[in-house]
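Which chain is which? The protein sequence lines are U and X, in order.
Residues 1 to 173, numbered by this note's numbering, are exactly what the first sequence covers, in order.
Residues 1 to 530, numbered by this note's numbering, are exactly what the second sequence covers, in order.
Treat the hints loosely; a few may be bogus.
Beta-carbon label-pair distances, calculated as ranges [to be verified]:
#1 X:448 - U:99: 55 to 61 Å
#2 U:99 - X:191: 38 to 44 Å
#3 X:265 - U:130: 50 to 56 Å
#4 X:215 - U:78: 50 to 56 Å
#5 U:114 - X:486: 25 to 31 Å
#6 X:209 - U:155: 50 to 56 Å
#7 X:413 - U:124: 56 to 62 Å
#8 U:51 - X:59: 48 to 54 Å
#9 X:404 - U:55: 36 to 42 Å
#10 X:466 - U:15: 21 to 27 Å
#11 X:209 - U:124: 46 to 52 Å
Hint data in this document are derived by calculation from the structure and do not stem from the laboratory.
Beta carbons are placed, not taken as given, at the ideal position from N, Cα and C, and that holds for glycine.
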Amino acid sequence: MTDSLMDWPGGTPWQPLPEAAWRCFRLSSALAGAVFGLAFGTIPAVVLAFADGPAWWHLGMALGVLAACLALAHWRATLAFRYTRWCLDDDGLRVRRGRFWRSEVLVPRARVQHLDIERGPIERRYGLATLVVHTAGTRLSAVRQPGFDEDSANRLRDALVPHQREHDDATHG
Amino acid sequence: MAEATDTPPRDDREALQAAATQRLHPLSWLFTLIAQLRAFALPLIVLLLGGSRQEGDDIGDLIGLAAAGVLAVVSVWHYFTYRYGFLDTALVIRSGLLQRNLRLIPFDRVQNVTLHQNLLHRLVGVAEVRLESAGGMGKAEAQMQVLKLEQAHALEALVREGAHRARAAQAHEGGNSSGDDAPVLWLALPTRELVRLGLISNRGMLVVAAGFAYLTQAGDVFTKRLSNGIESVGREGIAMAEAWHLGPVAYAGLALGLLLAMVVGVRLLSVALAILQFHDFRLHAGDRELRVERGLLSRVRSHLPKRRIQAYSLSETLLHRWFGRQSLRVDRAAVEAVNEGQSVRDLVPLATPDGMDGMLAALLPPDGWPLHAWQALHPRAWWRVFAPWAVAVLAGTALLVAFEGPVGLWALVLIALAYLRARVWARYSAWTLAGGVVAFRHGWLDRHWRFAEARKLHALQVTQSPFDRRHGMATLHLDTAGASPMEPPLRIPYLAVADAEALAARLRALMPRDEGINRARTGASAAPAA
Numbered sequence: 001m002t003d004s005l006m007d008w009p010g011g012t013p014w015q016p017l018p019e020a021a022w023r024c025f026r027l028s029s030a031l032a033g034a035v036f037g038l039a040f041g042t043i044p045a046v047v048l049a050f051a052d053g054p055a056w057w058h059l060g061m062a063l064g065v066l067a068a069c070l071a072l073a074h075w076r077a078t079l080a081f082r083y084t085r086w087c088l089d090d091d092g093l094r095v096r097r098g099r100f101w102r103s104e105v106l107v108p109r110a111r112v113q114h115l116d117i118e119r120g121p122i123e124r125r126y127g128l129a130t131l132v133v134h135t136a137g138t139r140l141s142a143v144r145q146p147g148f149d150e151d152s153a154n155r156l157r158d159a160l161v162p163h164q165r166e167h168d169d170a171t172h173g
Numbered sequence: 001m002a003e004a005t006d007t008p009p010r011d012d013r014e015a016l017q018a019a020a021t022q023r024l025h026p027l028s029w030l031f032t033l034i035a036q037l038r039a040f041a042l043p044l045i046v047l048l049l050g051g052s053r054q055e056g057d058d059i060g061d062l063i064g065l066a067a068a069g070v071l072a073v074v075s076v077w078h079y080f081t082y083r084y085g086f087l088d089t090a091l092v093i094r095s096g097l098l099q100r101n102l103r104l105i106p107f108d109r110v111q112n113v114t115l116h117q118n119l120l121h122r123l124v125g126v127a128e129v130r131l132e133s134a135g136g137m138g139k140a141e142a143q144m145q146v147l148k149l150e151q152a153h154a155l156e157a158l159v160r161e162g163a164h165r166a167r168a169a170q171a172h173e174g175g176n177s178s179g180d181d182a183p184v185l186w187l188a189l190p191t192r193e194l195v196r197l198g199l200i201s202n203r204g205m206l207v208v209a210a211g212f213a214y215l216t217q218a219g220d221v222f223t224k225r226l227s228n229g230i231e232s233v234g235r236e237g238i239a240m241a242e243a244w245h246l247g248p249v250a251y252a253g254l255a256l257g258l259l260l261a262m263v264v265g266v267r268l269l270s271v272a273l274a275i276l277q278f279h280d281f282r283l284h285a286g287d288r289e290l291r292v293e294r295g296l297l298s299r300v301r302s303h304l305p306k307r308r309i310q311a312y313s314l315s316e317t318l319l320h321r322w323f324g325r326q327s328l329r330v331d332r333a334a335v336e337a338v339n340e341g342q343s344v345r346d347l348v349p350l351a352t353p354d355g356m357d358g359m360l361a362a363l364l365p366p367d368g369w370p371l372h373a374w375q376a377l378h379p380r381a382w383w384r385v386f387a388p389w390a391v392a393v394l395a396g397t398a399l400l401v402a403f404e405g406p407v408g409l410w411a412l413v414l415i416a417l418a419y420l421r422a423r424v425w426a427r428y429s430a431w432t433l434a435g436g437v438v439a440f441r442h443g444w445l446d447r448h449w450r451f452a453e454a455r456k457l458h459a460l461q462v463t464q465s466p467f468d469r470r471h472g473m474a475t476l477h478l479d480t481a482g483a484s485p486m487e488p489p490l491r492i493p494y495l496a497v498a499d500a501e502a503l504a505a506r507l508r509a510l511m512p513r514d515e516g517i518n519r520a521r522t523g524a525s526a527a528p529a530a
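Build the full structure now, drawing on both the sequences and the hints.
Shown next as structure tokens:
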């Protein structure tokens, strides 16, 4: 790589996600955290309260677990936002992710089979999109990165799949 | 598959339909019917064996008969509606009972032509032809059930010739379109070799495991009968043993003998399976293509263009070494269904190291084989392998001591084992990128090499865990097409960070660029001049 793994997540040419992605990650992560918090804190607490009669610690358990889950979700979203970088160069698209467990993926331009741009309801709200780059590979056959603003997602799509480009044989070369 | 079925304009469509003139073998409906019945065979057998028959089952019989009748009608209908034919660059297939289906398969997209003949096929003198293209997830692009043997051979030849022609037309230089190539016999396995293969590969164990898995699924009726049988045999055995007044030594001897008999039995089963699967195995190599023929009852003949090989895995277990042999498997782009598989995956089931060297040298780019310039992993790679085990053993020991007292400390012996294993693993692991081939080897008693041409890679990934970062390591994952989920992935673990970065940069340079590759023009071949 032109730039070292020591410099993580890296300055230019590495590009961060737009600020809106942070808000988007926080919201979707908070939703997931809330579901976990309800499932493992609030619902058991309610069940216990009905079984043994309500007690103060039931309320504490319900709120505590929920709060912990939400805090974790916030932390996760922040890390995901801060430590995601992407870079498009002559070779292809590179994506860096992760604070503790780090990974950098390179998909060469010539290996892109097709490309999806997905927009979920939350992402639409923030004007963001998820880019899914498909290759003919096996374990990395779909590289998926949420949080691109729609402009860069479209630009990336056009850059990775030029209109003039002929179809590649999945297995050619 | 979408690529192969691009809808042509209306006029072309009629021309295409007109081109599809040939029919399947007149008996093909029979084989279609058998194939369909086979799908119902297992539940049927279970029903017959397991279900207790009662009064009023006549209705059930009637329904079964009616279903069979419908299937027969469908099979005949299928025969009458299925036609195929040829264009310059593609095969046309018309099919469909109610919904008419016109499929166009460009020759240069065909990954593999397989001729499949089971015992019944061979009696009648027909063969089933399957055409596979990339990424079909195990489903054949076209499955022709069945063609007369000559017809099948003609189709096989046409498709392959068409593929060559399509490729020659693309290659602007055109210098290497030397027409047909006389295939050379690379490998033939006589029965002697198949016995060795069976002994080495231990395929029987898989069958035994599958049998157990099936028994647990089969429900009470089978298991009850089986367990009753085992119990009565066991009781008789114990009674007999008591009558002989055996001591503990004799008991141990008996148990050992029983175990030995089981091991021998499984190995014999393996040999039988190897013979069944690989009888009269022949590997022919042409300029561009490999051809594999094999099978005792069902003969399979399949083709594999050399350039379609995505990655290799070579193995040499302890048994391999005792017999002086090696085995080679290859990944190809089309993903095979698990039970259909192994037609070409086991490209070289067994060969001497010298023979293997010759074949690999011919398959890989010049200077690619033998693999050379091996380099070691990170000096502390062993520590990376050892640490998780050490933590696990320590935690386990702590639990044991807590519950069982100081006796639990004996579990610490496992740490020594884990340490040895990690040291040996790290010592015998190495990687190389030379001559355009990237490889990773590991193993001491059982040795494995996993390698691929760098230009066949599809994506790269570098990963680091917190442990890796502290020690300055990184793992490089190399993604290839068609990698089997059963095989270990192609990855080079625990490299020094500088090595990982340098290797990634070199691989990036070797991976294909947009302008550099000779692309197959589907645009041209999907709408041929009819």
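The hints, checked one at a time:
Between residue 448 of chain X and residue 99 of chain U the C-beta distance comes to about 34 Å, which lies outside the given range of 55 to 61 Å. Evaluation of the 38 to 44 Å hint for residue 99 of chain U and residue 191 of chain X yields a failure: the beta carbon distance comes to about 59 Å. For residue 265 of chain X and residue 130 of chain U, the Cβ-Cβ distance of about 55 Å falls inside the hinted range of 50 to 56 Å, so the restraint holds. For the hinted restraint 50 to 56 Å between residue 215 of chain X and residue 78 of chain U, the CB-CB distance of approximately 52 Å keeps it satisfied.
Taking the beta carbon of each, residue 114 of chain U and residue 486 of chain X are about 27 Å apart, inside 25 to 31 Å as hinted. A hinted range of 50 to 56 Å holds for the C-beta pair residue 209 of chain X and residue 155 of chain U, which are about 52 Å apart. Hint check: residue 413 of chain X to residue 124 of chain U, Cβ distance near 59 Å, so the stated range 56 to 62 Å holds. Between residue 51 of chain U and residue 59 of chain X the Cβ separation comes to about 51 Å, which falls inside the hinted range of 48 to 54 Å.
Between residue 404 of chain X and residue 55 of chain U the beta carbons are some 38 Å apart, a value that agrees with the proposed interval 36 to 42 Å. Residue 466 of chain X and residue 15 of chain U have their C-beta atoms about 25 Å apart, which keeps the hinted 21 to 27 Å range intact. Checked against the hint of 46 to 52 Å, the C-beta distance between residue 209 of chain X and residue 124 of chain U comes to roughly 49 Å, which is consistent with it.
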